[in-house]
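Visitor: Sequence:
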Amino acid sequence: KKTAEVLSIVSLLKGTKHASKRLPVLVGVFSASGLEEWYLNGDYLVLLVSVILILPLSLLKNLGYLGYTSGFSLLCMVFFLIVVIWKMFQIPCPMDSDIINMTLINMTSVDENITSDDVCKPKYFIFNSQTVYAVPILTFSFVCHPAILPIYEELKSRSRKRMMNVSYVSFFAMFLMYLLAALFGYLTFYGRVEPELLHTYSAYLGADVLLLIVRLAVLMAVTLTVPVVIFPIRSSITQLLWAGKEFRWWRHCSITVALLAFTNVLVIFVPTIRDIFGFIGASAAAMLIFILPSAFYIKLVKKEPMKSVQKIGAAFFFLSGILVMTGCMTLIILDWTQNVASDGH
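Per the numbering used here, the sequence shown starts with residue 1001, numbered consecutively.
Everything hinted at is true.
Simulated crosslink set (DMTMM-like; lysine to aspartate or glutamate; CA at most 20 Å straight-line):
#	residue 1	residue 2
1	Lys1121	Glu1194
2	Lys1087	Glu1196
3	Lys1061	Glu1246
4	Lys1123	Glu1194
5	Lys1061	Glu1153
Worth flagging that the hints you see were computed from the coordinates, not collected in a lab.
Required output: the full structure, derived from the provided sequences and hints.
Guide: Now the structure itself:
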């Protein structure tokens, strides 16, 4: 049990780092003018937002109070989705050649075989050096396991059926939002999509007011997500180190400050958000979604024989998780080494 808790804590720390890492990327629009004031520095902005907004929300004792902020962050992402869909009908294809060239300069990988004739034709599958990041990112998108127990404790009239209904609705809503955002974002720019979708819009639209509002909405959604992720980490640490002890505010605050400080250090010194998405998805997300649930089922469910359909399925799921984790992490590390070698030349 303690080993599983330690693994969950490590995985969740990576998840918190991922959520906070998006802050300097999104606020980068404010420092694009070249001004050198300290308050326009992305690192300082991360620290300010962490102290002024994230820390007070993270210090709340009960998860139920974060329901309002979580609901607001969800509305922000719905607004982002609506704008992505709307912009698809506003932005023409093919785009102006100058805009295309500007976008290509900022892109890390481009299909050199794209011509003006097929630039607006969707491709059902694209395989290149960046494809290895797709599976980990998709895996990470559905990590919600750490918050299951805290959410269950906040439910009224708690029952397994009620919790399953909450899970089904949440998973379906998130899947639909991910699908629509990815689909309409791709159908807007096709092969010209950058790793950061909002950067692609910036390359085409420039200083667009609506785009700025979308950036602020996404920034707010990301900021309000961090306290929700920190809550189960703190609960796991408390259960692991101080099981059975009475609640103490000094311990509660110390763990929260330490987690947030550690996260900010990682955020500031790791520059690329795509690498964070990919590496976390390949390691922590694969562990939480594939490996740990399968291992727990095989180990804890004694009434089912190992040759039963359920245990065979769990074993297959377990092996699939190991394959996804080792394969993707290996390819990602190889991609990193190749990029470092090419930059050295």
